[in-house]
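Student: Residues per chain are reported as follows:
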Amino acid sequence: MNGSPPVVRLDGITKRYGAVAANQDIRLDIHSGRIHALLGENGAGKSTLMGILSGMVQPDSGRILIDGQPRAFRSAREAITAGIGMVYQHFMLVKAMTVAENVFLGYPGVLLNRRRMEETVAQLARRFGLDIDPAARIGTLSMGERQRVEILKLLFRDSRVLIFDEPTSVLTPRESEHLFDALRRMAAQGKAIVFITHKLDEVMALSDDITILRRGSVIEGLATTAVTSKHELARRMVGRDVLLQVQREPYEPRQLVLRVDGLSNAGLRDIRLEVRQGEILGVVGVAGNGQKPLVEAICGLTAPAAGVVRILGEDWHRFYTHRRWDGNLAYIPEDRRGLATCRNLDLVDNFLLTTRQGFCRGPWLLRRRATRKALRLIRDFAIQPADTRISARQLSGGNLQKLVLAREFFRRPRLIVAEQPTQGLDIAAIQDVWNLLLNARKAAGILLITGDLTEALMLADRLAVMSAGRIVDTFPVDDADKLDRIGLMMAGSAA
Amino acid sequence: MLPLRTFKRQETHWWVSCLIFPTAIGLSLAICALLLKLQGKPAIQGIGLLFQGAFGSHWAIQDCLLKAIPIFLCSLGVAVAFRLQVWNIGAEGQFALGAIGATAAALQWPGLPGYALLPLMAAAALAAGGLWGFIPAVLKLRMRANEIIVTLMLNYIAILLLDYLVYGRWKDPQSFGFPMTAIFSDNAIVGRIGDTGLHWGLALCVATGGVLWLFFRFTRLGYELKASGENLGAARYAGLPYERLLILVMLLSGGLAGWAGFLEASATINRLQPSIMVGYGYTAIVVAWLARLNPLSIGLASFLLAALRVGVENLQLDLQVPAAFGGIMEGLILLTILAGSFFADYGWQWRRRSA
Chain A
50 MNGSPPVVRL DGITKRYGAV AANQDIRLDI HSGRIHALLG ENGAGKSTLM
100 GILSGMVQPD SGRILIDGQP RAFRSAREAI TAGIGMVYQH FMLVKAMTVA
150 ENVFLGYPGV LLNRRRMEET VAQLARRFGL DIDPAARIGT LSMGERQRVE
200 ILKLLFRDSR VLIFDEPTSV LTPRESEHLF DALRRMAAQG KAIVFITHKL
250 DEVMALSDDI TILRRGSVIE GLATTAVTSK HELARRMVGR DVLLQVQREP
300 YEPRQLVLRV DGLSNAGLRD IRLEVRQGEI LGVVGVAGNG QKPLVEAICG
350 LTAPAAGVVR ILGEDWHRFY THRRWDGNLA YIPEDRRGLA TCRNLDLVDN
400 FLLTTRQGFC RGPWLLRRRA TRKALRLIRD FAIQPADTRI SARQLSGGNL
450 QKLVLAREFF RRPRLIVAEQ PTQGLDIAAI QDVWNLLLNA RKAAGILLIT
500 GDLTEALMLA DRLAVMSAGR IVDTFPVDDA DKLDRIGLMM AGSAA
Chain W
904 MLPLRTFKRQ ETHWWVSCLI FPTAIGLSLA ICALLLKLQG KPAIQGIGLL
954 FQGAFGSHWA IQDCLLKAIP IFLCSLGVAV AFRLQVWNIG AEGQFALGAI
1004 GATAAALQWP GLPGYALLPL MAAAALAAGG LWGFIPAVLK LRMRANEIIV
1054 TLMLNYIAIL LLDYLVYGRW KDPQSFGFPM TAIFSDNAIV GRIGDTGLHW
1104 GLALCVATGG VLWLFFRFTR LGYELKASGE NLGAARYAGL PYERLLILVM
1154 LLSGGLAGWA GFLEASATIN RLQPSIMVGY GYTAIVVAWL ARLNPLSIGL
1204 ASFLLAALRV GVENLQLDLQ VPAAFGGIME GLILLTILAG SFFADYGWQW
1254 RRRSA
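Residue numbers (our numbering), protein chains in the order written: chain A, 50 to 544; chain W, 904 to 1258.
Hints are not guaranteed to be accurate.
[What the hints assert, rightly or not] Simulated pairs of lysine-lysine, DSBU-like, Cα-Cα distance not exceeding 35 Å:
no.	chain 1	residue 1	chain 2	residue 2
1	W	K940	A	K341
2	A	K491	A	K422
3	A	K341	W	K1129
4	A	K341	A	K248
5	A	K422	W	K1129
6	A	K279	A	K531
Hints were generated in silico from the structure; no laboratory data involved. Predicted model, so just to flag it, every value in this text is computed and none were measured.
Extracted from the complex, chain W is given alone in its bound form (with noise of 0.2 Å):
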């Protein structure tokens, strides 16, 4: 037996929490440099480009930021979701239906001023990512359906509904054949801010993360949550309308990667396309995870993640590796920090040799 004896903590201490962050990434970007080597590449260089791909310009830094903001809208989607203990994994089917959404207003009333026009195209990627999360919902409370396969499937539904819309009726005239709408009117299209590379999605983005803290922490709703998440049945216990709050929170969920979708084809693509789906709704779950659900920390794993997915890039480029690298960087981090989250609530100690 090993001389080590664990035991459960009653409290974790601040600093602990403090460790694991770095200690994981460390740990799981040493894995990383190990994985490089094995391909003949080299490690320490391979590392250095990750983090000049990511942090070295402000053009990279900037490139983050715009790749954090459909990751964020999903992740706090997929965190609402998950405070209820809803395994809510369909952010993915979810972002493309809001793409879909805000494409078809975007679509059909091309010549709409921007101040009409935009909000317009924004409740309607609200209404079909919402509508995509309703399903399992609905699925899970009339035929007890597990709503993590359901979102499952329900995302592949949609990447096959947004191909057979660009392949066919939406596809532009003009486009040599390429799966593609036609590029979307001016006034479709949400502005940058001032002369930086960055739209006003990034605003959307903090509000929607202020509002949803003030809604958890300071509404009825929000506690009725909070509760339910902690204990079912003591929320069926209390009286909670569980079945309720389940059908809001899926809205809730599939609505906000609906605008992650809606902002991704008006402000990043300005059209829709298949190459829109990255899996950005994947990385939101892992960044839901990383941050404990918190918004706050979801906005920082956010960046995080988008700048392993810019740096990754960059490592592509210069050195070959596989695309599927950033993949499995990410999931290193994950397990990593789950991992090492096993340090938060265990201490260890040496067992004292008792005669």
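Extracted from the complex, chain A is given alone in its bound form (with noise of 0.2 Å):
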């Protein structure tokens, strides 16, 4: 560390939600010129203390000191006065206004001079090797683009901390790399950084400083330097060892379980693919690339505009107007908590919601014999708290997780389509979900559609590439060639 006194201090924050701490007497220091990653499993406290940090939310004790002086914040705007700024996951623009006029936005004054402004705008993006257009429109931007648009929005109100909430997530290996020269650029002319992420790699290629938190508290702060490797960094913020590795058995396809051949939708252009029993496809590619309207097209949202869909042997019409419930297609999406649970509902309702068929007699539901089933899935699934009466939002993350995918596997199904089955779980939850799914490939075929490349690469036997609604290339996991060239395809040059 040096010896310069921080720019931000937190002393002593807690913030409690019920009777769960989600932060617990935080003290942490932020260094002008540093880059400051705040590293933790889903459910740590990242956020809840990022957010105080950002003035959305108001801890219950503690003191957070800008250059040694208290001060509290009552809202976002006060924060962003005093100079912390945040760039979100979701990114907060205007579409369909031009990148210097979403800078502009809220800034005092009633006449701007729009060339004035571009050219303001186009300044600063020079000096922090943001590359940017400043009289595009937002629509048209990638998302690495409106990326760099957010970081502009605070460089122009000055804001001397600027906080990152897993920026990588919506980007490109390449966009990622341009967003961590320019990260190291502002860290270069005086600005101190701070970014929040569970990806380790992140961690080792960026930061300076390091602070893990663990249920709520830091358990350690150190220098980058002082860590030696990856593997290190996963057992410190565990609190044990985790082995980033899962064992994968070699793969026999079997039947065909899902064929899409020349499929167009909104959003789709001429899909192709076949999944087996036995095997995983992994389709990779950065989201937003058309992994949405595909998964909602085979899962039967959708209906194809154009192409063929067949699914276990059936073609999507036949299939979707008389499917049994179980022995059948099982979809994981991505969205748990809003799609594949009802909040409110016990464990047993949220059980029964795609298995209800497996328990009825006439018009009625055998609920004791669910909840007997329930708690038998509970158990073998290791979900916590084990107690059937609770509902959905009172369970975390990783065992929602695995409450869906234990629902999902009960039917048996043939071929199961996994949307993004790991984001935002902790590392033991997400050691866990690997394992089920690669058991699940010795009955199913498996259509995993990841934004993680590390997780395609564990878990998959073929990748396919999607690009701009397309699926670029498909290919075994194996060809070290076409892996090379992985990124590029990703953002869509041929194969």
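Join the two chains into one complex using the hints; note that each chain is given alone, in its own frame.
Tutor: Printed below as a string of structure tokens:
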């Protein structure tokens, strides 16, 4: 650490939600000119802490000192005035307006000269190496470019501390590199950078200081130079050894369970792919390149406009007009809270959501039998807490996902569509979900849609790269040549 | 800034929920007393009259029960629709259609024996009320018409239809020009329970409430309704038949309000006339919300709001307050209880002074 006083000091910050302490006596220094990584499993309290720092959340106790002076933020505006700005995962930009207009949005002043606005923005962008056209409309920009606009907004307001919440989650590998360069440049010009992540590579590559949070408390604050390996970092973060390795048996593909041929829909162009029982096909690509419409077409939420989708040997329309509840297709959606479960219903009701046909006699629902079954699955899948009477919203992300998996596997599916199955989960839960999916591969074909290349490499037998609504290429996961070019493929260039 | 800090409760303590209801009622009564005072009426005495009117005698309580019957049935119907997050505010119109349907049967076959005619009238009311619920459901599904607007507008159409019939085709020639049908034959009138003033409609309420409770708790369809109402996205994900559920719910909702109309026409007024419309369908919405859509609580809340109506009648007679006073009180109770439910979900504490 350097000797200069910190620009921001958190002193004993505590924030409780009911009985749970999201933040417990947090002490943390943020220095100018340094990149500070905030690392922790999901639910460790990173987001709450950054919410407090950016004025969105008020702490129960503790102080925030800016340049040694205690300050209390009652709104995000007050934090911005004090020089603290945040780049959220979901961008907050007006799509119909230009880059310069978005940067100036909310800036006091009645008459603004368009050319001077654009000049100012261009100058700022040059200074920090954020390549962008100030006159472009947001709607026409890529995710990486939009992120640059968010950063420019903060720089324009002279923010001295810039907080990034999982900034690389929507970027291509290339765009991530670009972002890292810009971050280093900002730090070199005296800005303090805080970034929240659970990607260990990024922490090792980018940060100067690391703070590890676990269950709401700071476990460790250390300089990145003091960390020898990613493995060590993972161990410190989780508090025990996690092997980010899974056993993958060689697969033997059997019958065809999904065939998509020439599928075109809104956002999809001429999709061709096949999934066989016994294999995992990983669909990789940057989010928003057609993954969502693909999943919706396969899972029956939108009808295919053109082309063939055959599921378990049946045509799409036939399959979805009379499908049995079991031995069929199971869909594990990305939005497990909004789509896969009902937050206010108890675990039995949530278990029944897709399995109700299996627990019926005439008009009656056999709830007692369902409760017994649910309880057994909860034990088998080690879902905590093991109580069927609690409602879904009381489960953590990892446990909720395991509940969804338990329910969907109970249906003995022959085709599984898993969409970002480990997004937002902690390392231990990721490991569990990966093993469960690999295990399910024995009986089913799995279409795995993921934005996490590590996950795809870990699980998939074959990869399909998606870009701009098309499948750029499909190849076995051991094809080293093509793996090397995967970043280019994601960016849209042909294989 | 207020030195108060609010936070969301993880779970609600039972005593908090128990406290909210009486406190809210007390608060709304206090505001009413204040309103009486502003009109220059004796406030405390006024509130006393209200209670005396509603609970002061065994006749009063009987009157409350009689008025609670149509409110209860309408409210059950409304609650069924609300469970699926379909905002049916057309109980008033469905009630009118039920009365019209029952009257049609009663006028068509006056000579049939009671055991045949009454079920026939009930079925006609169910069908007519159900039809009035079916129309907005279909419009919602086919044309994405907002059910709030459609059900509300259908109320006025229903009332005009009722007027048209009693002023025209169904007008009793011996009514000296008054808009009303002839009095029903004895076979078309729901009988009294023993020698009390209560009629067997009360038993119908108890049975319907029980059946609905069983339906929601133990049947697959009831479960599907509950799940769809909780989360439409999940319903689509799980392949729940939302369109069929919506139609079913609106048929049921309209049919129950229709039964309320049948009982009012048959047991209370013994004929059809415009004065049958006294706003039970709107009160039913208040009741459903107060009871948080729970059938048992709907019974209790129906009785309380019926008591309010009876009590305000007394107040009107003795203190000459305007008739709208009852509506004002109804609104006050709803608003105070809704505001009070904030305290069920949120706690608060004094903000400690931080250095």
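Student: Confirm or reject each hint.
Tutor: A quick look at each hint next to the structure:
no.: 1; hint: W:K940 to A:K341; result: 63 Å, violated
no.: 2; hint: A:K491 to A:K422; result: 23 Å, holds
no.: 3; hint: A:K341 to W:K1129; result: 28 Å, holds
no.: 4; hint: A:K341 to A:K248; result: 24 Å, holds
no.: 5; hint: A:K422 to W:K1129; result: 21 Å, holds
no.: 6; hint: A:K279 to A:K531; result: 26 Å, holds
Consistency note: the structure conflicts with earlier hint 1 alone.
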